[in-house]
Amino acid sequence: MSGSQDDIPTPPTPPPSQTPTQQQTPHTVSTIKLPILKKGEYDIWAMKMEHYLAHTDYPIWEVIQNGNGPVSITTDTQGQIKVLPPRTAEEILARERERKARTTLLMALPKDHLAKFHKMTDAKEMWEAIKSRFGGNDESKKMQKYILKQQFEGFSVSNSEGLHKGYDRFQSLLS
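First residue of the sequence shown? That's 1 in the UniProt record's numbering, and the numbers climb one at a time after it.
Be aware that one or more of the hints could be misleading.
In silico lysine-lysine, BS3-like type, Cα no more than 27 Å apart, as pairs [to be verified]:
#1 K39 to K145
#2 K39 to K165
#3 K116 to K48
#4 K131 to K111
#5 K142 to K48
#6 K116 to K82
#7 K33 to K116
#8 K116 to K131
#9 K145 to K38
#10 K82 to K38
#11 K33 to K100
#12 K48 to K33
#13 K33 to K119
#14 K33 to K124
#15 K82 to K119
#16 K48 to K165
#17 K100 to K111
#18 K142 to K131
What the hints contain is simulated information worked out from the structure, not anything from laboratory work.
Throw the hints in and build the complete structure from the sequences for me.
Printed below as a string of C-alpha coordinates:
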(Lines of atoms letter the chains of each structure in order from A and count residues from 1; the text may use other names and numbers.)
(Lines give C-alpha, C1' and ligand atoms only; values in the text may rest on other atoms or scores of the structure.)
Protein backbone atom coordinates (compact mmCIF):
# COMPACT_ATOMS: atom_id res chain seq x y z
CA MET A 1 0.00 0.00 0.00
CA SER A 2 1.43 3.29 -1.03
CA GLY A 3 -1.07 5.26 1.07
CA SER A 4 -2.03 7.54 -1.79
CA GLN A 5 -5.46 9.10 -2.30
CA ASP A 6 -6.02 6.72 -5.26
CA ASP A 7 -6.49 3.76 -2.87
CA ILE A 8 -9.56 5.28 -1.14
CA PRO A 9 -12.79 4.29 -2.86
CA THR A 10 -15.11 7.16 -3.72
CA PRO A 11 -18.82 6.89 -3.00
CA PRO A 12 -21.00 6.33 -6.06
CA THR A 13 -22.67 9.42 -7.43
CA PRO A 14 -26.34 9.32 -8.37
CA PRO A 15 -27.13 9.23 -12.08
CA PRO A 16 -27.71 12.67 -13.60
CA SER A 17 -31.45 11.97 -13.94
CA GLN A 18 -31.80 11.53 -10.16
CA THR A 19 -30.66 14.06 -7.64
CA PRO A 20 -30.34 12.93 -4.01
CA THR A 21 -33.75 14.45 -3.16
CA GLN A 22 -35.43 12.50 -5.96
CA GLN A 23 -34.10 9.11 -4.90
CA GLN A 24 -36.69 6.79 -3.47
CA THR A 25 -36.45 5.76 0.13
CA PRO A 26 -35.86 2.06 0.76
CA HIS A 27 -38.91 -0.04 1.53
CA THR A 28 -39.16 -1.41 5.03
CA VAL A 29 -40.94 -4.59 5.97
CA SER A 30 -43.11 -4.53 9.05
CA THR A 31 -43.49 -7.43 11.41
CA ILE A 32 -46.89 -6.15 12.58
CA LYS A 33 -49.75 -8.29 11.29
CA LEU A 34 -52.41 -6.53 9.20
CA PRO A 35 -55.68 -6.36 11.19
CA ILE A 36 -58.58 -8.14 9.50
CA LEU A 37 -62.10 -6.75 9.91
CA LYS A 38 -64.46 -9.03 11.81
CA LYS A 39 -68.21 -8.74 12.19
CA GLY A 40 -69.18 -6.32 14.93
CA GLU A 41 -65.61 -5.10 15.52
CA TYR A 42 -65.39 -2.10 13.19
CA ASP A 43 -64.37 0.44 15.84
CA ILE A 44 -61.49 -1.69 17.12
CA TRP A 45 -60.45 -2.57 13.55
CA ALA A 46 -60.44 1.11 12.50
CA MET A 47 -58.17 2.02 15.43
CA LYS A 48 -55.84 -0.89 14.66
CA MET A 49 -55.73 0.02 10.95
CA GLU A 50 -54.89 3.63 11.74
CA HIS A 51 -52.03 2.58 14.01
CA TYR A 52 -50.85 -0.10 11.58
CA LEU A 53 -50.74 2.26 8.62
CA ALA A 54 -49.29 5.16 10.61
CA HIS A 55 -46.50 2.83 11.75
CA THR A 56 -45.77 1.01 8.50
CA ASP A 57 -46.39 3.66 5.84
CA TYR A 58 -47.77 7.00 7.02
CA PRO A 59 -48.25 8.48 3.51
CA ILE A 60 -50.68 5.63 2.78
CA TRP A 61 -52.73 6.58 5.86
CA GLU A 62 -52.74 10.20 4.65
CA VAL A 63 -54.13 9.06 1.28
CA ILE A 64 -56.95 7.19 3.04
CA GLN A 65 -57.77 10.14 5.30
CA ASN A 66 -57.37 13.06 2.87
CA GLY A 67 -57.71 11.59 -0.59
CA ASN A 68 -55.01 11.62 -3.20
CA GLY A 69 -55.77 14.72 -5.19
CA PRO A 70 -57.22 15.06 -8.67
CA VAL A 71 -56.56 12.60 -11.47
CA SER A 72 -56.03 13.93 -15.00
CA ILE A 73 -58.89 12.82 -17.26
CA THR A 74 -60.00 13.48 -20.81
CA THR A 75 -62.85 12.49 -23.10
CA ASP A 76 -62.21 10.55 -26.30
CA THR A 77 -64.04 10.97 -29.63
CA GLN A 78 -66.86 8.61 -28.56
CA GLY A 79 -67.49 10.49 -25.31
CA GLN A 80 -65.77 7.90 -23.12
CA ILE A 81 -63.89 9.27 -20.10
CA LYS A 82 -60.24 8.22 -20.09
CA VAL A 83 -57.77 8.58 -17.23
CA LEU A 84 -54.51 10.05 -18.49
CA PRO A 85 -51.26 8.37 -17.48
CA PRO A 86 -49.19 10.20 -14.89
CA ARG A 87 -46.63 12.63 -16.30
CA THR A 88 -44.59 13.81 -13.36
CA ALA A 89 -42.76 11.93 -10.63
CA GLU A 90 -45.26 13.33 -8.12
CA GLU A 91 -48.21 11.96 -10.12
CA ILE A 92 -46.54 8.55 -10.38
CA LEU A 93 -45.91 8.49 -6.62
CA ALA A 94 -49.49 9.61 -5.91
CA ARG A 95 -50.92 6.82 -8.09
CA GLU A 96 -48.64 4.26 -6.44
CA ARG A 97 -49.75 5.39 -2.97
CA GLU A 98 -53.42 5.23 -3.99
CA ARG A 99 -52.98 1.70 -5.35
CA LYS A 100 -51.12 0.64 -2.22
CA ALA A 101 -53.81 2.13 0.05
CA ARG A 102 -56.61 0.37 -1.85
CA THR A 103 -54.75 -2.94 -1.81
CA THR A 104 -54.09 -2.69 1.93
CA LEU A 105 -57.75 -1.98 2.67
CA LEU A 106 -58.89 -4.86 0.45
CA MET A 107 -56.47 -7.23 2.18
CA ALA A 108 -57.96 -6.26 5.57
CA LEU A 109 -61.53 -7.18 4.54
CA PRO A 110 -63.17 -10.57 4.94
CA LYS A 111 -63.31 -12.59 1.71
CA ASP A 112 -67.09 -12.45 1.41
CA HIS A 113 -67.04 -8.62 1.25
CA LEU A 114 -64.23 -8.11 -1.29
CA ALA A 115 -66.52 -7.92 -4.32
CA LYS A 116 -68.48 -5.03 -2.80
CA PHE A 117 -65.41 -2.82 -2.42
CA HIS A 118 -63.09 -4.08 -5.18
CA LYS A 119 -64.40 -1.78 -7.92
CA MET A 120 -63.87 1.41 -5.91
CA THR A 121 -60.92 3.36 -7.29
CA ASP A 122 -60.45 5.80 -4.43
CA ALA A 123 -59.06 4.67 -1.05
CA LYS A 124 -60.78 7.48 0.85
CA GLU A 125 -64.14 6.52 -0.69
CA MET A 126 -63.44 2.88 0.17
CA TRP A 127 -62.66 3.76 3.82
CA GLU A 128 -65.93 5.71 4.10
CA ALA A 129 -67.90 2.86 2.50
CA ILE A 130 -66.38 0.34 4.92
CA LYS A 131 -67.24 2.65 7.80
CA SER A 132 -70.86 3.06 6.69
CA ARG A 133 -71.26 -0.68 5.97
CA PHE A 134 -69.66 -2.05 9.15
CA GLY A 135 -69.62 0.86 11.58
CA GLY A 136 -73.31 1.63 11.68
CA ASN A 137 -74.78 4.69 13.32
CA ASP A 138 -75.55 5.36 16.99
CA GLU A 139 -79.18 4.26 16.65
CA SER A 140 -78.27 0.90 15.13
CA LYS A 141 -75.61 0.35 17.81
CA LYS A 142 -78.20 1.00 20.55
CA MET A 143 -80.54 -1.47 18.87
CA GLN A 144 -77.79 -4.11 18.65
CA LYS A 145 -77.01 -3.66 22.36
CA TYR A 146 -80.69 -3.96 23.25
CA ILE A 147 -81.07 -7.17 21.21
CA LEU A 148 -77.93 -8.69 22.74
CA LYS A 149 -79.13 -7.80 26.22
CA GLN A 150 -82.49 -9.47 25.54
CA GLN A 151 -80.78 -12.59 24.16
CA PHE A 152 -78.46 -12.76 27.16
CA GLU A 153 -81.29 -12.34 29.68
CA GLY A 154 -83.37 -14.99 27.95
CA PHE A 155 -80.53 -17.47 27.50
CA SER A 156 -81.07 -20.95 28.84
CA VAL A 157 -79.94 -24.46 28.01
CA SER A 158 -82.46 -27.27 27.95
CA ASN A 159 -81.62 -30.83 28.97
CA SER A 160 -82.45 -32.07 25.47
CA GLU A 161 -80.03 -29.58 23.90
CA GLY A 162 -77.02 -30.72 25.87
CA LEU A 163 -74.19 -28.84 27.48
CA HIS A 164 -71.93 -28.72 24.39
CA LYS A 165 -74.56 -27.18 22.10
CA GLY A 166 -75.63 -24.75 24.83
CA TYR A 167 -72.01 -23.73 25.38
CA ASP A 168 -71.53 -23.15 21.63
CA ARG A 169 -74.66 -20.96 21.50
CA PHE A 170 -73.45 -18.98 24.51
CA GLN A 171 -70.02 -18.48 22.91
CA SER A 172 -71.61 -17.18 19.70
CA LEU A 173 -73.77 -14.82 21.77
CA LEU A 174 -70.69 -13.48 23.55
CA SER A 175 -68.77 -12.96 20.34
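Comparing the hints with the structure gives:
1. Of the pairs offered as hints, the one joining K39 and K145 holds, with about 14 Å between alpha carbons and a cut-off of 27 Å not exceeded.
2. Restraint check for K39 and K165: the C-alpha separation of about 22 Å stays at or below 27 Å, so the hint holds.
3. Distance restraint check for K116 and K48: the Cα-Cα separation of roughly 22 Å lies within the 27 Å cut-off, and the hinted pair is therefore satisfied.
4. A distance of roughly 17 Å separates the Cα atoms of K131 and K111; the hinted pair therefore holds under the 27 Å criterion.
5. Restraint check for K142 and K48: satisfied, since their Cα atoms lie roughly 23 Å apart, inside the 27 Å limit.
6. Restraint check for K116 and K82: the C-alpha separation of about 23 Å stays at or below 27 Å, so the hint holds.
7. Straight-line distance between C-alpha atoms of K33 and K116 comes to about 24 Å, which keeps the hinted pair within the 27 Å bound.
8. For the suggested pair K116 and K131, the alpha carbons sit about 13 Å apart, so the restraint of at most 27 Å is met.
9. Restraint check: the Cα-Cα separation between K145 and K38 comes to about 17 Å, which is no more than 27 Å; the hinted pair holds.
10. The suggested pairing of K82 with K38 is violated, with an alpha-carbon distance near 37 Å, which exceeds 27 Å.
11. Pair hint K33 plus K100 holds up; C-alpha atoms about 16 Å apart against a cutoff of 27 Å.
12. This hinted pair checks out: K48 and K33 have alpha carbons roughly 10 Å apart, not beyond 27 Å.
13. For the given pair, K33 sits about 25 Å from K119 by alpha-carbon distance, which is consistent with the 27 Å threshold.
14. Between K33 and K124 the CA atoms are separated by roughly 22 Å; this keeps the pair inside 27 Å, and the hint holds.
15. Taking the CA atoms of K82 and K119, the gap is near 16 Å; set against the 27 Å cutoff, the hint holds.
16. The suggested pairing of K48 with K165 is violated, with an alpha-carbon distance near 33 Å, which exceeds 27 Å.
17. A hinted pair counts as satisfied when its Cα atoms are at most 27 Å apart, and K100 with K111 qualifies at roughly 18 Å.
18. Restraint check: the Cα-Cα separation between K142 and K131 comes to about 17 Å, which is no more than 27 Å; the hinted pair holds.
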